[in-house]
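Asks: So the chains spell out like this:
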Amino acid sequence: MEHETATRNQAVERYVLGEMPLEERESFESHFFDCPECADDVRSAAAFVANARAVLRDDALPVEKPVQPRERQAWFAWMRPAWAPAMAGVLLAIAGYESFVAMPLRHQLAAALEPRQAAAQLLRGETRAEPMQFQSGRPMVLNLEVDSTAKPSGYLVTITDAASGAIAYTVQATAPDDDQALSILIPDRSLRPGRYTVVVRAVGGSKPGEEVGRYPFEVK
Amino acid sequence: MDRYPFDCEYVARLKDGDPEVQRHFTGYFGELLVIKLRARLRSPQLIEDARQETFLRVLTTLRRNGLEHPERLGAFVLSVCNNVLHEMFRAEKRTTDMEDAPEPLDERDDPERRYVTEQRKAQVRNVLDELSAKDRELLKQVFLEERDKDQVCRDFQVDRNYLRVLLHRARNRFRAALGGSGGGA
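Top to bottom, those sequences are chains A and B. Numbering-wise (my numbering), the first sequence opens with residue 1 and increments by one. Numbering-wise (my numbering), the second sequence opens with residue 1 and increments by one.
Check the hints yourself; a few may be wrong.
Said to hold, decoys possible - In silico SDA-like links for lysine to any residue, alpha-carbon gap of 25 Å or less:
#	chain 1	residue 1	chain 2	residue 2
1	B	K121	A	G204
2	B	K134	A	R195
3	B	K121	A	R14
4	B	K134	A	K151
5	A	K207	A	T197
6	B	K149	A	G213
7	A	K207	B	K121
8	B	K149	A	T170
9	B	K134	A	R25
10	B	K121	A	Q172
11	A	K207	A	E37
12	A	K207	B	R173
13	B	K149	A	P216
14	B	K149	A	R57
15	B	K149	A	D177
16	B	K134	B	R114
17	B	K149	A	D58
18	B	K134	A	L185
19	B	K121	A	L56
20	B	K149	A	D59
21	A	K207	A	D177
22	A	K151	B	D150
23	B	K121	B	R173
24	B	K121	A	D177
25	A	K207	B	R42
26	B	K134	A	E37
27	A	K151	B	R38
28	B	K134	A	D147
Unchecked claim - If you want the footprint, here are the derived chain A segments under chain B, 3+ residues with CB under 8 Å:
#	segment
29	130 to 140
30	176 to 184
Calculated from the structure, these hints are not laboratory results. The structure presented is a predicted model; accordingly, all values stated were derived computationally and were not measured. Glycine included, each C-beta is placed from N, C-alpha and C at the ideal position.
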């Protein structure tokens with residue numbers, strides 16, 4: 001392979017992405033072992049991929065932050081005789097913010113943290129039957145029957161809008177115990193009414209990336 | 001990575017055991033060998049064995065016979081590596097069932113980790129932060145989740161060329177950020 005050919009054919013990227021057939025790969029290796037410029041390109045591409053993997057892996061680790069509800073200060077504690085006239089307008093603004101913005105958000109947060117009834121359904125793989133239905137306005141628990149002989153260490157779960165094909169959510173999950181379903185919690189109001197497809201793929205194991213199942217469901 | 005011309009002087013110094021040239025030689029070709037070998041061998045131990053055996057044979061041959069075309073030192077290293085690989089595969093065929101699925105790499109032993117440094121990670125993080133959420137997720141699913149690339153491209157409604165161009169640009173920004181050739185740490 002000549003240098004100009006390697007550059008024109010995006011050889012470095014295709015090599016690092018594993019897209020070359022064996023013969024082409026060997027030809028490109030023969031080239032870059034003798035071409036310092038292409039060797040540098042291959043080296044930097046490999047270093048980028050290795051470090052990107054490390055960064056993305058670090059970012060994927062769950063970080064638990066305790067949620068501390070903000071303590072409400074009594075609003076009248078801000079009142080001081082000397083500052084009363086100047087503080088009146090500020091207090092009105094704060095009260096308005098509390099009433100129309102902060103309080104509704106606080107209620108939503110408290111509601112999300114409190115135990116609530118959730119709609120749980122067992123979803124089996126794609127069948128001709130109508131998809132399972134969930135009522136919107138409640139948290140949903142999707143119990144997915146997964147059966148992979150490849151014994152993956154985990155699963156990548158993608159929830160896709162069936163109409164647009166757009167990915168709504170991606171969830172990384174560890175493999176459940178044998179005979180247990182893979183449970184995915186969807187907080188209420190996270191999905192608009194419509195049809196969705198859950199696609200589950202293996203992570204790790206003997207067949208990484210294998211599609212394990214497709215599960216349609218509908219939010220009404 | 002400093003560049004040395006592979007010429008008569010370089011080969012002569014290598015034959016004589018010049019420590020500076022030996023360091024450059026093993027550093028320069030060591031990385032390239034690992035990149036090549038990772039596509040052929042899953043076991044970190046086998047990759048390291050093949051790398052060491054390649055160097056041993058190259059240096060032994062140089063000291064015994066020299067090299068007729070010093071400027072083709074790279075091609076010589078590659079051909080020795082290919083011979084080592086063929087011998088390893090022949091030995092594997094005699095002793096194991098080739099249909100068995102290879103053991104997945106243990107992260108801790110992954111030879112790729114030799115390329116990972118805090119400085120490089122910081123630069124890569126900057127590059128990734130500049131990407132759109134879509135492009136970042138695309139790279140994550142390809143490189144971290146190791147999903148089928150065709151399927152990932154279908155899911156993200158892009159073609160394979162988009163993925164290559166994305167990698168090309170990200171790699172160039174990474175190299176520029178490190179300020180040198182080869183992405184040296």
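Asks: Hint by hint, note whether the structure agrees.
Replies: Hints and how they fare:
1. B:K121 x A:G204: Roughly 23 Å separates the two Cα atoms, so the pair holds.
2. B:K134 x A:R195: holds (22 Å)
3. B:K121 x A:R14: holds (23 Å)
4. B:K134 x A:K151: Given that 25 Å is the threshold and the Cα spacing comes to 29 Å, the pair is violated.
5. A:K207 x A:T197: holds (22 Å)
6. B:K149 x A:G213: Cα-Cα ~18 Å, so holds.
7. A:K207 x B:K121: Not satisfied, since the Cα-Cα distance of roughly 28 Å exceeds 25 Å.
8. B:K149 x A:T170: holds (17 Å)
9. B:K134 x A:R25: The given pair, whose Cα atoms are some 30 Å apart, is violated under the 25 Å limit.
10. B:K121 x A:Q172: Given pair K121 (chain B), Q172 (chain A) holds - Cα atoms ~22 Å apart, limit 25 Å.
11. A:K207 x A:E37: The given pair, whose Cα atoms are some 36 Å apart, is violated under the 25 Å limit.
12. A:K207 x B:R173: violated (33 Å)
13. B:K149 x A:P216: holds (23 Å)
14. B:K149 x A:R57: holds (18 Å)
15. B:K149 x A:D177: violated (29 Å)
16. B:K134 x B:R114: violated (29 Å)
17. B:K149 x A:D58: holds (22 Å)
18. B:K134 x A:L185: holds (23 Å)
19. B:K121 x A:L56: Holds, at roughly 10 Å.
20. B:K149 x A:D59: holds (21 Å)
21. A:K207 x A:D177: Roughly 18 Å between the alpha carbons, so the hint for K207 (chain A) and D177 (chain A) holds.
22. A:K151 x B:D150: holds (23 Å)
23. B:K121 x B:R173: holds (13 Å)
24. B:K121 x A:D177: violated (35 Å)
25. A:K207 x B:R42: Between K207 (chain A) and R42 (chain B) the Cα gap is close to 14 Å, so the pair holds against 25 Å.
26. B:K134 x A:E37: Judged against 25 Å, a Cα distance of about 31 Å means the pair is violated.
27. A:K151 x B:R38: This hinted pair holds, its Cα atoms lying about 23 Å apart.
28. B:K134 x A:D147: Violated, at about 30 Å.
29. 130 to 140: violated (count 0)
30. 176 to 184: violated (count 0)
Checked against the numbered hints given earlier, the structure breaks hints 4, 7, 9, 11, 12, 15, 16, 24, 26, 28, 29 and 30 and satisfies all the rest.
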